[in-house]
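Spelled out, the chains give:
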Amino acid sequence: MSASGQAAPADSAAGPTIALAMVLVIIIGGLWSLDLFLARTDREAVQNQANDLYTQGAQLLKQGDAREAVELLRRANSMVRDNRIYQLDYVAALAAARKFDDADANLKTLLDSDPNNGPANLLAARLMVQEGHILEAESHYHRAIYGIWPENAAGHRMEVRLELGKQLASHGEKEELLAELLALESEAQASPTILKQIAELYQVAGSPARAANVYRELILKNPDDIDAYEGLGGDELALGDYRAALAAFLNANRRSPGNRTIQEDIGLLNAMATIDPTPRRLSSAEKFARSANILKLTRDALNSCAKTEEARRMLDDCDKVLAEKTPVHVTNELAEARLALAEQLWQARIKFCGPSTSEQEHTLRLIMTKLAHS
Amino acid sequence: MELSSPRSTLRRWTEQLRNREDHLTVVLSLLIGVLVGLVVVAFILLTGRLAAQMYPAGGSAWRRVFVPVIGSLVTGFLLFRYFPNARGSGIPQTKYAIFINDGYISLKTVLGKFFLCSASLASGIALGREGPAVQIGAGIASVLGRRFGLSKQSVKALVPVGCSAALAAAFNTPIAAVLFSLEEILGDLHAPVLGTVVISSATSWIVLHLLLGDEPLFHVPAYRLVHPVEFGVYAILGVIGGLGSVFFVKLLLKLRILFMRLPKSTQWIQPVAGGLLVGLLGWFMPEVLGVGYDYVEQVLGGNFPLKTVALLAALKIVATATCYSSGNAGGIFGPSLFIGAMLGGAVGSVAHWLLPHQTAGPGAYALIGMGTAFAGIVRTPLTSVIMIFELTRDYSIIVPLMISNLISFFISYRLQREPIYEALALQEGVYLPTGEARRGLEEIRVGDVMQSSATPFPADLSVATARQRLQEMGRNVWLVGELNWLYGTVTLQRLEEVKNQSSTLLNQVVNPEDRFPYVYPDHPLSLALERMGGAGTDTLPVVSRASRRRVQGIITMADILRTYGVKQEEAAKKSI
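Sequence order for the protein chains is L and D.
All residue numbers in the first sequence are consecutive under our numbering, ending with 404.
All residue numbers in the second sequence are consecutive under our numbering, ending with 579.
Next up, chain L with everything else stripped away, as it sits in the complex (with noise of 0.2 Å):
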């Protein structure tokens, strides 16, 4: 490198002249057709070699090696820029290598090129979900339910809805769940198995009929459906109505007569047939005996885990009660301040106990919420 290396000539007389022009124009002509040429190849190579990684990644991704998918993906994504689905994929795979912080910012910049990606937007609120935002989670599912994606829209947004529904039922969202539940039944022109989500999904919502109702919808469509049949029965019971249920699970029973779990449900509602003391049918007496029977079992429900004075008073007016000869000429009225003490130490039981999940009160704790609904 020398700066006296080069002496300065004389200046070109030549003047522009079309024959420049001319090789100007071929020069810029071939140098046009070598970059489109390069550009290609140089395209081809790097999408080859983009596409090897992204195989790789995705790959290690779904067996669960998310520490090394992320960085065959991170590299996959930095050779293409412009593609969606290794671009999610990397995101995918820094969450599940709980990197946060990192997905959340590459998260950020897809969805500020891209806000209405319905695929990202679901990445978002899975990542959200994540890291505990429900709400903003919440906000990502219904960006993503009305976002856009690249094939079978509807469907995915029927998906995504009822992921949505599924995160507020773990939440314990009744409301919100049912509005989800209740757009989603009306869009759905869905398969059974997304029907029976939605039915158990309508249960978690505290809406027994509604789930009944897809049920039968579903048992319409296929008289042979096993699920739908067990599925209605176990609505009809939190309904009250263990008719129906019965009836229900005995259909199912007839169709899958070795199912062991039909058989318990059958079971207990027989069990529930023996002691409930509602059914209209029931002579006074009767009726009188099972009332006295509930309110044993509560009071020993209440005894087996509660022991505050308040507690112990309330036992004792129930030994009382219990104490008391049974009188010849029995009436409804009896049977029905027994049943309403019974409610009480139930209540009492559910206040100082909390409430009640042991499988040998089963029976008595469905008793007691259709005594409570009736």
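Hints may be right or wrong, so weigh each one.
Which residues of chain L face chain D? A partial, calculated answer using Cβ under 10 Å [claimed, not checked]: (1) V53; (2) L64; (3) D72; (4) A75; (5) M109.
Non-contacting residues of chain D with respect to chain L, defined by C-beta distances greater than 12 Å in every case (computed) [as the list claims (entries may be wrong)]: (6) N510; (7) L530; (8) M560.
By construction, these hints were calculated from the structure, which means they are not laboratory data.
We put the beta carbon where it would ideally sit given N, CA and C, even for glycine.
Starting from the known structure of chain L, fit chain D onto it as the hints suggest.
What follows is chain D alone, placed relative to chain L:
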């Protein structure tokens, strides 16, 4: 009306263009933008393809040692034997062309730079492609200007046009390219070539986009300022970036002196020293090889371990300084961004570890770090801010970037007075005017030098008296009117023309509607000199910005010469 053939129309049009050099320059700026854009795109793609061939995916580690050695050996020999002016970065060589060689860069140098740099960079030499692209662009502009028969002055004016086109395409930064051409290449942000520089930059950028699409050089996640305490961290980053820049520049200059002291006969093999070093470092850390933009992007994404980035910053400083000083072909733009990103990443990692809730991820600091190193090494603070903004298209980083860059620039300026390109030129025995030096002179204003006690001739003064007074004062022009109502100026020559009409008054000679030369107190001295030259006078009225009829003083040729340290007698002798 006679119909002319397309051929004759074209000939007439070219003839008209030739006669109007300013029009031709504008047309050439467009042409240069297209041509340089195409050449730089080819340069980038060719280098990338060559590198892919030299380092195939899954290739063995020995390649990382042997390819740079062989690459530097072959290119070193060819540079020594056939293309001596294609060595190094290309920025100092472009400045030589402007300030020493009337804008002359040979086609041979352009071709040598293109092919040898491409081979050298593809082989893994730790230098950048942007400096060489600038020289290639400047060379194309120079060749075209000469082929089109432009004057030396116009060819010289086309060189920055080529530079800006090249940088716009090489970095995908059209605004920074314009600024760099003015701030660094010309050292004057108000240079009159601004228009043509903008045209070529924009044209080249369009070509780049048509061919390669709209992608910034680096994709970075969106960062934001998390907490005001981050300004403090960015300031610390500015200090570290500045110190790192100074260390890099001093190391490079020292190593270069060492290599220059070696016998001239070894010059052809000297680049191998750079190739061998980078090869050995690359054996252990492949990220050191080449310009390393892939790894920079990874760091900008916040994906790196602290130890690695700190080590890479140190290794890249040594590798780039050695590669450059040993005479390989390649620039220092790219490496300065790499070094800055690593320094920033290291600072960001520590800050994020200490203050996880008050600081952004380390990637944000890597981003700002790029700017600090660029500002500290290349010493173009404005260009560095705009360049990083354009490279990343992230507006939220602008304020931290400005803070860090200015601190880095200041530290670099304090600890290493000579900017790198001027220092490199000085090692060659060439003194290039720096922007700073020029600014120093421009900082002296008319108001600093003017005499504020001038009394104009009254407008009713007779011509004869005025002529006599002017002769007594030894001046060839004076003011006419009052201090608050300047009528105009009258020259001795004009008074000589009317000397026979001795009863004539000045207001009959001087028309207040006539334009007269003047300056404002805030004008630079150079402008006063220019206007004196243009009017052929030795004195100018200094008037108020509020009204050019309000006199604030006068400035004379003697005042200006005295300020520049020239005695008037000496100046007079020289002019004789």
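Tested hints:
| no. | hint | in the structure |
| --- | --- | --- |
| 1 | V53 | holds (9 Å) |
| 2 | L64 | holds (6 Å) |
| 3 | D72 | holds (5 Å) |
| 4 | A75 | holds (6 Å) |
| 5 | M109 | holds (9 Å) |
| 6 | N510 | holds (51 Å) |
| 7 | L530 | holds (29 Å) |
| 8 | M560 | holds (32 Å) |
In the structure shown, no violation is registered for any of the earlier numbered hints.
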